[in-house]
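Listed below are the residues making up each chain.
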Amino acid sequence: MPNILVVEDSATMRQLIGFAMRRIPEARVIESTDGVDALKKLSSEKIDLILADINMPVMDGLKLVSLVRGNPLYKNIPIIIITTEGAEEDKKKALAIGANAYLPKPIQTQDLIKLVNSIIS
Amino acid sequence: MDKESNITKKADEFLQIFKKGEEFTKDLLKENERLRFRIAQLEETVEQSHNEERIELYEERIKMLEEEHNSLLEKHRQVEEENKDFASKYVEVEAENNNLANLYVASYQLHSTLDFNEVLRIVLEIIINLIGAEEFAIFLMDDKTNELIPVASEGLSLSGIPKIKMGEGIIGTVAKKGEGYFSEGITHVSEVDAQSPIVCIPLKIKEHVLGVISIYKLFVQKNSFSNIDYELFNLLAGHAATAIFSSRLYTQSERKLMTIQSFLDLLKEKPRR
Numbered sequence: 008m009p010n011i012l013v014v015e016d017s018a019t020m021r022q023l024i025g026f027a028m029r030r031i032p033e034a035r036v037i038e039s040t041d042g043v044d045a046l047k048k049l050s051s052e053k054i055d056l057i058l059a060d061i062n063m064p065v066m067d068g069l070k071l072v073s074l075v076r077g078n079p080l081y082k083n084i085p086i087i088i089i090t091t092e093g094a095e096e097d098k099k100k101a102l103a104i105g106a107n108a109y110l111p112k113p114i115q116t117q118d119l120i121k122l123v124n125s126i127i128s
Numbered sequence: 012m013d014k015e016s017n018i019t020k021k022a023d024e025f026l027q028i029f030k031k032g033e034e035f036t037k038d039l040l041k042e043n044e045r046l047r048f049r050i051a052q053l054e055e056t057v058e059q060s061h062n063e064e065r066i067e068l069y070e071e072r073i074k075m076l077e078e079e080h081n082s083l084l085e086k087h088r089q090v091e092e093e094n095k096d097f098a099s100k101y102v103e104v105e106a107e108n109n110n111l112a113n114l115y116v117a118s119y120q121l122h123s124t125l126d127f128n129e130v131l132r133i134v135l136e137i138i139i140n141l142i143g144a145e146e147f148a149i150f151l152m153d154d155k156t157n158e159l160i161p162v163a164s165e166g167l168s169l170s171g172i173p174k175i176k177m178g179e180g181i182i183g184t185v186a187k188k189g190e191g192y193f194s195e196g197i198t199h200v201s202e203v204d205a206q207s208p209i210v211c212i213p214l215k216i217k218e219h220v221l222g223v224i225s226i227y228k229l230f231v232q233k234n235s236f237s238n239i240d241y242e243l244f245n246l247l248a249g250h251a252a253t254a255i256f257s258s259r260l261y262t263q264s265e266r267k268l269m270t271i272q273s274f275l276d277l278l279k280e281k282p283r284r
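Protein chains in written order, with this note's numbering: chain L, 8 to 128; chain W, 12 to 284.
These are computed hints drawn from the structure, not numbers from a lab.
Being a predicted model, the structure only gives us computed values, none of them experimental.
Don't be surprised by glycine CBs; every beta carbon is placed ideally from N, CA and C.
There could be a bad hint or two in this list.
Pairs of lysine-lysine, DSBU-like flavour, derived with a Cα cap of 35 Å [stated by the list, open to error]:
id	chain 1	residue 1	chain 2	residue 2
1	L	K47	L	K100
2	L	K99	L	K121
3	L	K48	L	K98
4	W	K187	W	K215
5	W	K74	W	K100
6	W	K188	W	K86
7	W	K100	L	K98
8	W	K95	L	K121
9	L	K121	W	K188
10	W	K86	L	K121
11	W	K31	W	K74
12	L	K99	L	K70
These stretches of chain W come out as covered by chain L in the derived footprint (C-beta under 8 Å, 3 or more residues) [what the hints assert, rightly or not]:
id	segment
13	115–127
14	134–143
Label pairs and their computed distance ranges (CB to CB) [stated by the list, open to error]:
id	chain 1	residue 1	chain 2	residue 2	range
15	W	E129	L	A94	28 to 34 Å
16	W	S264	L	S73	24 to 30 Å
17	L	E33	W	G189	32 to 38 Å
18	W	D204	L	E96	25 to 31 Å
19	L	A94	W	V104	29 to 35 Å
20	L	P85	W	G180	46 to 52 Å
21	W	Y101	L	S73	36 to 42 Å
22	L	S73	W	N157	50 to 56 Å
23	W	D276	L	S73	40 to 46 Å
24	L	E33	W	L84	57 to 63 Å
25	W	V104	L	E33	38 to 44 Å
26	W	R65	L	S125	34 to 40 Å
27	W	N94	L	L102	33 to 39 Å
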């Protein structure tokens with residue numbers, strides 16, 4: 008049963024991603040509204056995959072990725088960045104700091120499901 | 012003497028009989044050999060005729076197998092076609108599923124609150140996350156001045172967006188006619204003109220226009236509008252309008268209720284001496 012942590016400040020996006028993740032067999036979605044909250048969830052839950060936005064209040068997605076990668080306990084958790092920043096340099100930056108994949112908004116839920124399946128399988 | 016010649020005569024006769032017997036035996040052997048040869052010939056002929064029968068049988072079998080092979084090929088082709096058909100239907104169903112999920116989430120979020128500012132924030136979220144717009148504004152109609160007042164924006168400073176008179180320019184015309192505007196082709200301009208949107212959607216309850224959503228710029232990764240975008244525009248036109256209208260009424264009534272309550276509390280207070 009994969010535990011998927013969705014880190015997104017937008018309730019609309021959290022609901023849409025949660026909707027899509029219902030198509031992943033036995034997946035459990037845990038929601039976070041920012042990077043700090045996500046780190047708390049990481050310490051209390053066994054997380055198998057992180058789906059994170061970049062632009063968030065309190066702590067943004069890029070900072071979260073670098074903190075996760077710097078922590079020996081969480082460094083192997085796959086991270087998918089879902090963001091409005093669609094430029095090639097943004098993608099390179101996110102991948103360079105350790106994100107496994109990058110999906111620009113607006114997302115197609117079938118693309119997200121395919122990507123998540125390929126990573127968790 | 013006679014006796015001796017008689018014995019010689021009998022010996023000659025016996026010899027002749029023996030010679031005839033020898034000749035007869037030789038004839039029999041020859042005939043036997045000829046007949047053996049003939050039997051061998053006949054056997055060969057019979058075998059040949061058997062081979063021909065077998066060949067005919069094999070040819071028939073090959074023909075049957077070829078027919079079976081062709082029929083299997085045809086079935087394979089049909090199955091392949093069905094597979095392609097199913098694959099394309101699957102893609103269609105997945106896209107439809109995606110569209111419905113987007114519409115469901117947008118509609119659910121729009122009606123999840125009666126707080127006016129929260130509704131505006133949700134409309135912004137939908138336009139950013141589900142449509143993919145980078146710069147846009149929401150205008151609401153001021154019925155007293157007949158002007159469209161900018162109430163929320165993304166990527167643009169709200170104070171920099173002018174009020175627009177009903178019927179003025181693209182935005183004013185959309186508000187007046189109640190029909191959406193979609194520019195031909197999407198260009199990613201660096202600086203936008205608040206009067207020249209690429210898309211302008213009226214916010215309508217039945218025929219009453221409450222305001223407009225004016226989109227100026229899309230994200231760099233967004234190059235065209237898809238069916239779901241138009242569905243979302245339609246949804247926003249109706250559902251965002253009702254959500255804005257009801258939340259505004261609710262907020263106003265809450266404010267009035269608070270005023271009345273304060274007034275009543277004031278009346279209830281005993282006069283101090």
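For each hint, the structure was consulted:
1. With a C-alpha separation of about 25 Å, the suggested pairing of K47 of chain L with K100 of chain L holds against the 35 Å cut-off.
2. Between K99 of chain L and K121 of chain L the CA atoms are separated by roughly 21 Å; this keeps the pair inside 35 Å, and the hint holds.
3. At roughly 25 Å between alpha-carbon atoms, K48 of chain L and K98 of chain L fall within 35 Å of each other, so this suggested pair holds.
4. Under the criterion of a C-alpha separation no larger than 35 Å, the hint pairing K187 of chain W with K215 of chain W is consistent with the structure, at around 11 Å.
5. Simply put, K74 of chain W and K100 of chain W have alpha-carbon atoms about 39 Å apart, too far for the 35 Å limit, and the pair is violated.
6. For the suggested pair K188 of chain W and K86 of chain W, the alpha carbons sit about 58 Å apart, so the restraint of at most 35 Å is broken.
7. In summary, the hint linking K100 of chain W to K98 of chain L is supported, as the alpha carbons are separated by about 32 Å, within the 35 Å threshold.
8. Straight-line distance between C-alpha atoms of K95 of chain W and K121 of chain L comes to about 19 Å, which keeps the hinted pair within the 35 Å bound.
9. Straight-line distance between C-alpha atoms of K121 of chain L and K188 of chain W comes to about 43 Å, which puts the hinted pair past the 35 Å bound.
10. Taking the CA atoms of K86 of chain W and K121 of chain L, the gap is near 31 Å; set against the 35 Å cutoff, the hint holds.
11. Of the pairs offered as hints, the one joining K31 of chain W and K74 of chain W is violated, with about 64 Å between alpha carbons and a cut-off of 35 Å exceeded.
12. Simply put, K99 of chain L and K70 of chain L have alpha-carbon atoms about 15 Å apart, close enough for the 35 Å limit, and the pair holds.
13. Residues of the segment 115–127 of chain W lying with their CB closer than 8 Å to a CB of chain L number 6, which satisfies the three-residue condition for coverage.
14. Three residues within the 8 Å Cβ limit are the bar, and the segment 134–143 of chain W against chain L gives 7, so the coverage statement holds.
15. Look at E129 of chain W against A94 of chain L: about 31 Å separates their beta carbons, and that is inside 28 to 34 Å.
16. Between S264 of chain W and S73 of chain L the CB atoms are about 48 Å apart, so this pair departs from the stated range of 24 to 30 Å.
17. The hinted range of 32 to 38 Å is not satisfied by E33 of chain L and G189 of chain W, whose Cβ atoms lie roughly 48 Å apart.
18. Judged by the Cβ atoms, the range 25 to 31 Å given for D204 of chain W and E96 of chain L holds: they are separated by roughly 27 Å.
19. Between A94 of chain L and V104 of chain W the Cβ separation comes to about 32 Å, which falls inside the hinted range of 29 to 35 Å.
20. Taken as a hint, the range 46 to 52 Å holds for the pair P85 of chain L and G180 of chain W, whose Cβ atoms sit roughly 49 Å apart.
21. The hint said 36 to 42 Å for the Cβ distance between Y101 of chain W and S73 of chain L, and at roughly 39 Å that hint holds.
22. The supplied range of 50 to 56 Å is met by S73 of chain L and N157 of chain W, whose beta-carbon atoms lie about 53 Å from each other.
23. Checking the proposed 40 to 46 Å range against D276 of chain W and S73 of chain L shows it is violated: the Cβ atoms sit about 54 Å from each other.
24. Here the CB-CB span from E33 of chain L to L84 of chain W is close to 42 Å, at odds with the stated 57 to 63 Å.
25. At roughly 22 Å, the beta carbons of V104 of chain W and E33 of chain L sit outside the given window of 38 to 44 Å.
26. Between R65 of chain W and S125 of chain L the C-beta distance comes to about 58 Å, which lies outside the given range of 34 to 40 Å.
27. A C-beta distance of roughly 35 Å is found between N94 of chain W and L102 of chain L, which places it inside the suggested range of 33 to 39 Å.
When each numbered hint is compared with the structure, violations occur for hints 5, 6, 9, 11, 16, 17, 23, 24, 25, 26.
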